[in-house]
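Guided by the hints, dock chain B onto chain A, whose structure is given.
Number of protein chains: 2
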Amino acid sequence: MSAIIKDIEIIKSKTTKINEVDFNDLKFGNTFSDHMLVCDFKDGKWQAPKVVPYQPITLDPSAKIFHYGQSVFEGMKAYKDVDENVFLFRPLENFKRLNISSKRLAIPELPESYFMEGLKTLLEVDKDWIPKNEGSSLYIRPFIFASGNGFHASPADEYKFIICTAPSGAYFSGKVKVLIEQTYSRSANGGVGFAKAGGNYAGQFYPTQLAVAKGYQQVIWTDDNTHEYIEEAGAMNIFVRINDTLITGPTSDRILDGITRKSIIEIAKAEGIPVEVRKITVSEVVEAAKNGSLKEMFGAGTAAVISPISGFGYNDTDYDLPELEDTFASFLKKTITDIQTNKSEDPYGWRVKLD
Amino acid sequence: MSAIIKDIEIIKSKTTKINEVDFNDLKFGNTFSDHMLVCDFKDGKWQAPKVVPYQPITLDPSAKIFHYGQSVFEGMKAYKDVDENVFLFRPLENFKRLNISSKRLAIPELPESYFMEGLKTLLEVDKDWIPKNEGSSLYIRPFIFASGNGFHASPADEYKFIICTAPSGAYFSGKVKVLIEQTYSRSANGGVGFAKAGGNYAGQFYPTQLAVAKGYQQVIWTDDNTHEYIEEAGAMNIFVRINDTLITGPTSDRILDGITRKSIIEIAKAEGIPVEVRKITVSEVVEAAKNGSLKEMFGAGTAAVISPISGFGYNDTDYDLPELEDTFASFLKKTITDIQTNKSEDPYGWRVKLD
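Line order of the protein sequences matches chains A and B. Sequential numbering from 3 applies to the first sequence in the numbering used here. Sequential numbering from 3 applies to the second sequence in the numbering used here.
Worth flagging that the hints you see were computed from the coordinates, not collected in a lab. Every residue, glycine too, gets a C-beta built ideally from N, C-alpha and C. Incorrect hints may appear among the rest.
[What the hints assert, rightly or not] Negatives, chain B to chain A, calculated, CB over 12 Å:
1. D27
2. K29
3. V40
4. Q49
5. D62
6. D83
7. V84
8. A197
9. D225
10. T247
11. D255
12. E289
13. G315
14. S332
15. D340
16. L356
[Claimed, not checked] Dumping the calculated BS3-like pairs for lysine-lysine here, alpha-carbon to alpha-carbon at most 27 Å:
17. K177(B) x K271(B)
18. K44(B) x K29(A)
19. K297(B) x K44(A)
20. K44(B) x K179(B)
21. K29(A) x K47(B)
22. K44(A) x K177(A)
23. K52(B) x K19(B)
24. K355(A) x K19(A)
25. K216(A) x K292(A)
26. K134(A) x K345(A)
27. K47(B) x K29(B)
28. K98(A) x K292(A)
29. K29(B) x K335(B)
30. K105(A) x K216(B)
31. K264(B) x K216(B)
32. K129(B) x K271(B)
33. K105(A) x K271(B)
34. K335(B) x K47(A)
35. K177(B) x K335(B)
36. K29(B) x K355(B)
37. K345(B) x K355(B)
38. K355(A) x K14(A)
39. K47(B) x K216(A)
40. K19(B) x K134(B)
Bound conformation, chain A alone:
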């Protein structure tokens, strides 16, 4: 790590907030570590990244982020094992997806070393912020936004790439009840649904509020044309278990290529669970709920890891899922979390140890 630290300028905070934090009572993403990585795109290129004290960002009111939503982000986690070793999970996948998102949003792509070395340097500086408690981790938020100015509706000429970190507890507590959406949509064919673009999330808030008012916690998004195909679960990918087969929709330009999603597919296959990656119709899920073959549904994503679903609403009818003893969800969650936190072997080579 020392070579990397030498490469990236570090301006250390004179004080630390760490003693104000109760690591036994962490919420999700609202406590921030002492430092952040900042990297500016200007004069046509990405400038050298720096680690600086966590601090406010100052922008002109005409900065394009305020007007044209030009922003992308990633979600990652760092874990500490009992020996205080620090691990990341498939970080290169996040880097690659960030650039895929950036390209679609007309944001200049980032050099790999700026992302990877920047991230490792930041984690080395703030390693004391990585929680050791079961179920907690350091949530990592790399993001890029248009900081260039002007009201012309065109890509900015300046951007900021920032990584902030937040020691975090669980995203959801307990099972969630979901509403299969029949009116609103998350993404269009040929749109930006596959990208982690800021605007994809803002558009989900209002339909989710309507679902919450009806007693659900999350929306299951369906295709915008027929509302007959299940696509995503809020900010997660979705898996359905019918009998003993695990099914998830194929990625497309409407669906995020989730890293937890593809890891789960690989683990399930390796563990002998039959997996189908294919379009899922709402009608087959409703039918399976009625005839008892629908055993489980769960969301999968970095923030929530695996989020079991207790039931769903559709056409003004609620369908409860069975309470099983041994679920795919809990088995897969334990398997992936054990890999992430160095409690088990990592036959896939996904874990990256920082040293």
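The following block gives chain B in isolation, referenced to the frame of chain A:
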């Protein structure tokens, strides 16, 4: 106006930048007036708006605007006639649409008086910034964004409503050549396409760059499902003239309810131009271009007013539009601009004089 000024706190700038500005050489939206209106949503309500010197905005790195694209905006113009009277054009329509956009983006709706009185006060303070030159105006940019903090993907608890103004020249110079899009899409059924949401614009930049690389200036968006229906022209609504009939698509949840669009429909009808508001297929436009009945196409929006199209590309073929002497575009542009700038009567009651 004095009563309104008394109601809204004004903190005047100690200096002015106005002498640095060449009002005979204004670009679009990159020169900003001395003041701005700022209004914060916190503690569950919109606080009193204030006019303050144009100044940078400082936000926490976790502010939701950077992560979840929760932002909406409007575009308006103020005009000065030869006697230095100041006029707005249908400002209440912008206010109403801002709240329609906000609702869809889960942003708290704004009281009408905060918008209208705030705007009038700001324009009174910066009235010297309103250009008098032909073709120039004061572009007005009201916008709201999520300033509240946290990485949880949910609506913010704090927002900023700001109005900035920019003395501006033409948005486009000359006619534009457009590409009818067959791969990418602007919006989904049940999505946020009807809202002036930031994310709608960022998603257009990359496909527009691809079109520019092929020699076009703008993209004509089609429906995401079949690409068979013409929907919008970049940041504008689109009109097609076949023989002597003016046609524009109906508004929907995918298409912005443009104020210039609906004003043009009304003017055209009043002037005896046959107008059809109905779905327009790409195939009928191509067919009309081939048989010579396609006389004109133009975009319509606040920034560009009316932007004539010289030709379009579709299926790797370019179609040129005829060079007519008297066009609907130039007639309608003169008619609406004369109303806006107090050069003609305003039988519609659209012009609002500030006093």
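Consistency of the hints with the structure:
1. Annotated as non-interface, D27(B) keeps its C-beta farther than 12 Å from every C-beta of chain A; the closest such distance is 16 Å.
2. Not every Cβ of chain A is farther than 12 Å from the Cβ of K29(B); the closest lies at roughly 8 Å, contradicting the non-interface assignment.
3. V40(B), annotated as away from the interface, has a beta carbon of chain A within 12 Å; the closest lies near 9 Å.
4. Residue placement check: Q49(B) keeps its beta carbon more than 12 Å from all beta carbons of chain A (closest about 18 Å).
5. Non-interface status of D62(B) relative to chain A is broken: a Cβ of that chain comes within 12 Å, the nearest being about 6 Å off.
6. Separation of D83(B) from chain A is adequate, the least Cβ-Cβ distance of about 24 Å exceeding the 12 Å criterion.
7. Distance check on V84(B): its Cβ is at least 27 Å (rounded) from any Cβ of chain A, clearing the 12 Å threshold; non-interface status holds.
8. With a minimum CB-CB distance of about 9 Å to chain A, A197(B) fails to clear the 12 Å threshold, and the non-interface call is violated.
9. Taking the minimum C-beta to C-beta distance to chain A, about 9 Å, the non-interface status of D225(B) is violated against the 12 Å cut.
10. Interface exclusion of T247(B) from chain A stands, the closest Cβ pair being 30 Å apart, more than 12 Å.
11. The Cβ of D255(B) does not lie farther than 12 Å from every Cβ of chain A; its closest approach is about 9 Å, which violates its non-interface assignment.
12. Every CB of chain A is more than 12 Å from the CB of E289(B) (nearest about 24 Å), matching its label as outside the interface.
13. With a cut of 12 Å on Cβ distances, G315(B) stays outside the contact zone with chain A, its closest approach being about 17 Å.
14. The non-interface label for S332(B) is consistent with chain A: the shortest C-beta to C-beta separation is roughly 24 Å, beyond 12 Å.
15. Against the 12 Å criterion, D340(B) stays outside the reach of chain A, whose nearest CB is about 25 Å from its own CB.
16. Remark: the non-interface label on L356(B) is consistent with the geometry, its nearest Cβ contact in chain A lying 22 Å away (cut-off 12 Å).
17. Of the pairs offered as hints, the one joining K177(B) and K271(B) holds, with about 25 Å between alpha carbons and a cut-off of 27 Å not exceeded.
18. With a C-alpha separation of about 22 Å, the suggested pairing of K44(B) with K29(A) holds against the 27 Å cut-off.
19. Between K297(B) and K44(A), the direct Cα distance comes to roughly 44 Å. Violation of the 27 Å bound is thereby established for this hinted pair.
20. The straight-line distance between the Cα atoms of K44(B) and K179(B) is roughly 45 Å, outside the 27 Å bound, and the hint therefore fails.
21. Distance restraint check for K29(A) and K47(B): the Cα-Cα separation of roughly 25 Å lies within the 27 Å cut-off, and the hinted pair is therefore satisfied.
22. Straight-line distance between C-alpha atoms of K44(A) and K177(A) comes to about 45 Å, which puts the hinted pair past the 27 Å bound.
23. Proposed proximity of K52(B) and K19(B) is supported: the alpha carbons are some 20 Å apart, at most 27 Å.
24. Distance check on the hinted pair: K355(A) and K19(A) sit about 26 Å apart at the alpha-carbon level, within 27 Å; holds.
25. At roughly 22 Å between alpha-carbon atoms, K216(A) and K292(A) fall within 27 Å of each other, so this suggested pair holds.
26. Proposed proximity of K134(A) and K345(A) is supported: the alpha carbons are some 12 Å apart, at most 27 Å.
27. Between K47(B) and K29(B), the direct Cα distance comes to roughly 37 Å. Violation of the 27 Å bound is thereby established for this hinted pair.
28. Simply put, K98(A) and K292(A) have alpha-carbon atoms about 41 Å apart, too far for the 27 Å limit, and the pair is violated.
29. At roughly 20 Å between alpha-carbon atoms, K29(B) and K335(B) fall within 27 Å of each other, so this suggested pair holds.
30. A threshold of 27 Å between alpha carbons decides the hint, and for K105(A) with K216(B) the separation of about 18 Å falls inside it, so the pair holds.
31. A distance of roughly 32 Å separates the Cα atoms of K264(B) and K216(B); the hinted pair therefore is violated under the 27 Å criterion.
32. A C-alpha spacing of about 34 Å is found between K129(B) and K271(B), which places the hinted pair above 27 Å, so the restraint is violated.
33. Taken as a hint, the K105(A) and K271(B) pair is broken in the structure, with Cα atoms around 44 Å apart against an allowance of 27 Å.
34. The straight-line distance between the Cα atoms of K335(B) and K47(A) is roughly 41 Å, outside the 27 Å bound, and the hint therefore fails.
35. For a cut-off of 27 Å, the pair hint linking K177(B) to K335(B) stands: about 14 Å separates their Cα positions.
36. With a CA separation close to 25 Å, the supplied pair K29(B) and K355(B) stays within the 27 Å bound.
37. A threshold of 27 Å between alpha carbons decides the hint, and for K345(B) with K355(B) the separation of about 13 Å falls inside it, so the pair holds.
38. Using a Cα cut-off of 27 Å, the hinted pair K355(A) and K14(A) holds, with the two alpha carbons roughly 24 Å apart.
39. The suggested pairing of K47(B) with K216(A) holds, with an alpha-carbon distance near 24 Å, which does not exceed 27 Å.
40. This hinted pair checks out: K19(B) and K134(B) have alpha carbons roughly 18 Å apart, not beyond 27 Å.
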